[in-house]
Amino acid sequence: MSDLRDLSIADAAEALGKGETSSVELTNACIAAIEANRVLNAFITETPDLARARAKESDARRAKGDAKGPMDGVPIAMKDLFCTEGVRTTAGSHILENFVPTYESTVSANLRDHGAVMLGKANMDELAMGSSNITSYYGPVKSPWTRLGANVDLVPGGSSGGSAAAVSGRLAIAATGTDTGGSIRQPASFTGIVGMKPTYGRCSRWGTVAFASSLDQAGPLTRTVEDAAIMLQAMAGHDPKDSTSLPFDLPDFRAACVPNVKGMKIGIPKEYTLDGMPAAIKTLWEQGVEWLHDMGAETRDVTLPHTKYALPTYYIVAPAEASSNLARYDGVRYGLRVEGDSLDEMYELTRAAGFGAEVQRRVLIGAYVLSAGYYDAYYVKAQKVRSLIFKDFSDAFEDVDVLLTPTAPSAAFALGEKMDDPIAMYLNDVFTVPASLAGLPAISVPAGLDGDGLPLGLQLIAGVCQEQKLFRAASALEAAASFSAKPGGV
Amino acid sequence: MAYLIQGETGDWEVVIGLEVHAQAVTNAKLFSGASTSFGGEPNSQVSLVDAAMPGMLPVLNRKCIEQAVRTGLGLRAKINRRSIFERKNYFYADLPQGYQISQYLHPIVGEGTVTLDMDDGSTRDVGIERLHLEQDAGKSMHDQDPTRSMIDLNRAGVALMEIVSKPDLRSPDEAGAYLRKVRSILRYLGTCDGNMEQGSMRADVNVSVRKKGESGLRTRVEVKNVNSVRFVMQAIEIEAERQVEVWEQGGEVRQETRLYDPNLGETRPMRSKEFAHDYRYFPDPDLLPLDLDEDFIAGIEASLPELPDTKKKRLIEDLGLSAYDAGVIVADRETADYFETAAAGRDAKQVANWLTSNLFGALNKRAVGIPESPVTAENLGALVGLIEDGTISGKLAKDVFEVMLETGKAPAVIVDEKGLQQITDTGAIEAIVDKVIADNPGQADDVRGGNEKAIGWFVGQVMKASQGKANPGQVNALLKQKLLG
Numbered sequence: 022m023s024d025l026r027d028l029s030i031a032d033a034a035e036a037l038g039k040g041e042t043s044s045v046e047l048t049n050a051c052i053a054a055i056e057a058n059r060v061l062n063a064f065i066t067e068t069p070d071l072a073r074a075r076a077k078e079s080d081a082r083r084a085k086g087d088a089k090g091p092m093d094g095v096p097i098a099m100k101d102l103f104c105t106e107g108v109r110t111t112a113g114s115h116i117l118e119n120f121v122p123t124y125e126s127t128v129s130a131n132l133r134d135h136g137a138v139m140l141g142k143a144n145m146d147e148l149a150m151g152s153s154n155i156t157s158y159y160g161p162v163k164s165p166w167t168r169l170g171a172n173v174d175l176v177p178g179g180s181s182g183g184s185a186a187a188v189s190g191r192l193a194i195a196a197t198g199t200d201t202g203g204s205i206r207q208p209a210s211f212t213g214i215v216g217m218k219p220t221y222g223r224c225s226r227w228g229t230v231a232f233a234s235s236l237d238q239a240g241p242l243t244r245t246v247e248d249a250a251i252m253l254q255a256m257a258g259h260d261p262k263d264s265t266s267l268p269f270d271l272p273d274f275r276a277a278c279v280p281n282v283k284g285m286k287i288g289i290p291k292e293y294t295l296d297g298m299p300a301a302i303k304t305l306w307e308q309g310v311e312w313l314h315d316m317g318a319e320t321r322d323v324t325l326p327h328t329k330y331a332l333p334t335y336y337i338v339a340p341a342e343a344s345s346n347l348a349r350y351d352g353v354r355y356g357l358r359v360e361g362d363s364l365d366e367m368y369e370l371t372r373a374a375g376f377g378a379e380v381q382r383r384v385l386i387g388a389y390v391l392s393a394g395y396y397d398a399y400y401v402k403a404q405k406v407r408s409l410i411f412k413d414f415s416d417a418f419e420d421v422d423v424l425l426t427p428t429a430p431s432a433a434f435a436l437g438e439k440m441d442d443p444i445a446m447y448l449n450d451v452f453t454v455p456a457s458l459a460g461l462p463a464i465s466v467p468a469g470l471d472g473d474g475l476p477l478g479l480q481l482i483a484g485v486c487q488e489q490k491l492f493r494a495a496s497a498l499e500a501a502a503s504f505s506a507k508p509g510g511v
Numbered sequence: 425m426a427y428l429i430q431g432e433t434g435d436w437e438v439v440i441g442l443e444v445h446a447q448a449v450t451n452a453k454l455f456s457g458a459s460t461s462f463g464g465e466p467n468s469q470v471s472l473v474d475a476a477m478p479g480m481l482p483v484l485n486r487k488c489i490e491q492a493v494r495t496g497l498g499l500r501a502k503i504n505r506r507s508i509f510e511r512k513n514y515f516y517a518d519l520p521q522g523y524q525i526s527q528y529l530h531p532i533v534g535e536g537t538v539t540l541d542m543d544d545g546s547t548r549d550v551g552i553e554r555l556h557l558e559q560d561a562g563k564s565m566h567d568q569d570p571t572r573s574m575i576d577l578n579r580a581g582v583a584l585m586e587i588v589s590k591p592d593l594r595s596p597d598e599a600g601a602y603l604r605k606v607r608s609i610l611r612y613l614g615t616c617d618g619n620m621e622q623g624s625m626r627a628d629v630n631v632s633v634r635k636k637g638e639s640g641l642r643t644r645v646e647v648k649n650v651n652s653v654r655f656v657m658q659a660i661e662i663e664a665e666r667q668v669e670v671w672e673q674g675g676e677v678r679q680e681t682r683l684y685d686p687n688l689g690e691t692r693p694m695r696s697k698e699f700a701h702d703y704r705y706f707p708d709p710d711l712l713p714l715d716l717d718e719d720f721i722a723g724i725e726a727s728l729p730e731l732p733d734t735k736k737k738r739l740i741e742d743l744g745l746s747a748y749d750a751g752v753i754v755a756d757r758e759t760a761d762y763f764e765t766a767a768a769g770r771d772a773k774q775v776a777n778w779l780t781s782n783l784f785g786a787l788n789k790r791a792v793g794i795p796e797s798p799v800t801a802e803n804l805g806a807l808v809g810l811i812e813d814g815t816i817s818g819k820l821a822k823d824v825f826e827v828m829l830e831t832g833k834a835p836a837v838i839v840d841e842k843g844l845q846q847i848t849d850t851g852a853i854e855a856i857v858d859k860v861i862a863d864n865p866g867q868a869d870d871v872r873g874g875n876e877k878a879i880g881w882f883v884g885q886v887m888k889a890s891q892g893k894a895n896p897g898q899v900n901a902l903l904k905q906k907l908l909g
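Respectively, the protein sequence lines represent chains B and W.
Numbering-wise (this note's numbering), the first sequence opens with residue 22 and increments by one.
Numbering-wise (this note's numbering), the second sequence opens with residue 425 and increments by one.
By construction, these hints were calculated from the structure, which means they are not laboratory data.
Capping the alpha-carbon separation at 27 Å, the derived lysine-lysine pairs in BS3-like fashion look like this:
no., chain 1, residue 1, chain 2, residue 2
1, W, K487, B, K262
2, W, K512, B, K262
3, W, K512, B, K402
For the chain B half of the interface with chain W, some residues (derived, Cβ under 7 Å), not all of them:
no., residue
4, W227
5, T229
6, V230
7, S235
8, E342
9, S345
10, A348
11, Y368
12, A393
Just so we're clear, the structure is a prediction, and the values are computed from it rather than from any experiment.
Built from N, CA and C at the ideal position, the CB exists for glycine as well.
From just these sequences and the hints, can you work out the full model?
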């Protein structure tokens with residue numbers, strides 16, 4: 022029944038509704054796939070018993086006619102950044118290796134309340150810091166994809182690498198991710214699936230281990246645009262426990278998934294290109310423009326002049342917030358503690374042992390840019406640039422409905438590449454970071470393959486709370502691209 | 425009379441600024457729903473947010489904002505329509521988040537004024553620099569275990585209002601008067617109980633000295649966490665003298681944080697570990713800027729009680745009290761309330777007299793405060809009422825008051841029980857007068873013979889014969905009529 026795992030959320034919901042399958046059956050198929058694909062290391066913690074129990078409950082609800090909507094009974098992977106009551110939550114870090122929350126994050130609780138079945142906690146870059154899932158304390162995730170004719174392990178992207186590998190490898194029908202600078206969209210692009218980051222504030226951050234508070238947003242990783250809309254509908258919504266949560270009712274995202282861009286204005290920001298960017302990406306981008314144009318959209322060039330400052334701005338703002346957010350991991354109340362002869366020594370030993378190199382690097386950068394004498398030159402300036410970047414977008418959205426760009430400047434690279442050059446690694450986020458800084462909704466849609474047979478995504482970005490436009494354009498792009506490639510072995 | 429320190433090189437002036445940390449009266453903490461009550465079992469009032477569990481987020485408690493605005497209005501200060509919460513980053517075991525959420529560049533309350541009432545009846549205005557909201561830290565307990573420190577997070581996250589004065593204070597007395605006045609205002613407003621012993625009000629004292637006549641400010645030293653008015657005054661005196669000595673010996677006062685040790689009577693530097701130097705403040709990204717609308721502020725303004733300065737003015741101007749009495753009465757909200765209740769419908773000056781000359785003394789002797797007074801405000805008022813309507817004389821009233829102190833009974837009851845009503849019945853008094861005249865013919869002739877002063881002796885005899893109950897005015901009039909015709 023490997024085809025069960027290949028179902029979209031929408032198809033699974035339909036099959037469940039018609040009684041063609043059960044949640045238990047779907048869940049068992051996924052559990053079997055997870056067990057057969059442990060080589061991918063997509064999960065830090067598997068929760069098969071919990072999953073079967075929830076699947077059973079879902080089937081029982083359905084039998085009574087109380088099914089809760091399209092997510093009910095659908096097996097999903099949960100990024101290990103979301104705190105889950107009674108289920109170990111590590112955030113990919115040694116420092117939380119044995120941390121079992123007594124509470125459930127709002128996003129995972131929303132999904133649970135919509136009947137979704139959690140298969141386990143997906144692997145991720147440590148504390149969501151990374152673009153390749155190599156910083157996880159629990160080992161790197163292997164992408165289910167391989168280059169044509171080559172036997173080299175590839176990264177799935179990151180930080181939601183386990184989620185992306187699980188969804189593209191058909192270990193789960195969908196997965197949650199979080200996106201701070203591209204952590205949903207870049208891995209989606211690397212693994213040939215859809216990854217969506219909503220407007221900042223759509224999804225509550227309550228109970229999600231914080232990386233950079235002003236940027237962190239949860240979102241879905243799915244295999245279709247419609248699935249992303251269905252799942253976002255279940256995850257998002259106002260939460261009084263998060264002061265930055267948007268106090269608005271959600272529109273009907275799924276209804277917006279109409280592959281019709283007639284009359285829509287699509288902006289092409291000329292700044293979204295990079296020296297040495299593979300030709301295949303440039304070609305695919307041009308192809309994307311043509312597709313939308315052919316479907317009746319008006320395409321036009323726009324300029325976002327401050328784009329080139331986005332990456333450095335991001336790598337000031339995000340580490341600054343992270344350095345403070347991670348101060349709570351001090352060995353005093355929970356998580357790893359390495360005893361020392363004094364309080365300060367305990368801090369030092371605990372944090373030296375508990376955090377990996379990339380996390381330590383960002384904590385140091387963050388503390389540095391906030392320190393006396395440097396605060397104005399770095400943090401304050403970065404905040405100013407951030408508002409200019411937001412203004413770039415606002416100006417552009419005066420004229421166009423959505424923007425079309427590549428998602429990432431490359432296809433997936435091999436495990437071991439770019440490992441010793443953090444700057445090269447940071448460049449992965451160059452096209453995703455601007456929308457993060459501006460808090461805008463953006464989606465990566467799988468649009469083609471490069472010469473090595475690896476998937477490439479195109480990104481659509483919309484204005485604040487314009488998810489409906491985003492889903493509409495993304496549905497059209499999806500239809501035009503009709504991406505159907507799957508990783509080998511699926 | 426300026427407070428000056430006589431050094432070897434001349435006179436030195438002391439410059440003082442105070443930072444008062446006042447715990448806001450609220451049921452829940454600044455950013456969590458946990459209880460703020462005092463004295464709970466350790467760690468029994470700690471929410472997930474207070475313990476800084478992963479993924480927890482602060483949500484601002486509206487009541488704390490109200491209390492801060494209320495306090496700001498009471499300090500006659502500018503209420504800032506937009507304020508911003510920032511993170512003050514430092515590591516300490518009783519600071520679970522690794523940062524304190526505070527306000528830094530944009531506090532909720534700006535400049536204001538506090539008027540001090542000095543002992544000589546004069547007043548003096550002291551500038552308020554700002555008031556900001558911040559979280560309290562937990563408590564480290566070092567005496568529970570031989571090798572480890574224990575942490576109690578009950579207080580972690582409780583809302584503090586930090587009230588920062590301008591460096592306008594010039595003597596320990598002024599600093600004491602300032603603290604008492606701020607505490608009085610907070611209590612009137614009901615925004616802080618001002619209980620320094622329980623730590624709900626603490627002060628950091630900034631002290632510097634300069635040569636008399638010098639205009640600039642020299643390096644200041646912060647004496648942290650002083651927990652009584654007396655200690656604040658002592659700490660200033662001792663620290664100022666230390667600084668004078670340092671300067672005069674050719675040294676340089678270092679900008680540092682010190683602790684006051686009341687047992688040793690000295691200040692000493694805090695260990696550097698107890699005091700981080702770079703707090704890396706930045707706006708807390710978990711919280712939006714706090715925007716206050718005019719209606720919110722107007723609503724609080726409309727609900728403010730009459731504050732001590734206004735009340736004092738009213739007691740002087742409308743009720744005719746002396747500035748001193750009025751100052752004493754309004755200093756404490758409980759005293760003021762007591763007075764107002766007692767004085768309702770009575771001779772206010774007489775009530776004030778009874779309160780400041782008789783009741784205060786009696787309570788002091790018993791070492792109790794107004795709330796524990798055996799004489800209720802209603803009963804004190806009633807006592808003055810009995811004097812006013814002539815039921816008892818002022819002299820008898822003192823005896824009644826003593827009984828009131830001992831028994832707590834109402835004065836009318838005591839007067840009844842002891843039969844102390846003043847005799848105002850002319851017939852009854854006349855009978856006594858006649859008897860006294862008849863019993864003392866010699867003295868009567870003396871008066872009739874022109875020694876009018878001797879009439880005083882007769883008054884005394886009549887009062888004695890009536891056990892003090894006869895109305896002295898009537899007695900006097902009757903004697904004059906009978907002896908002098």
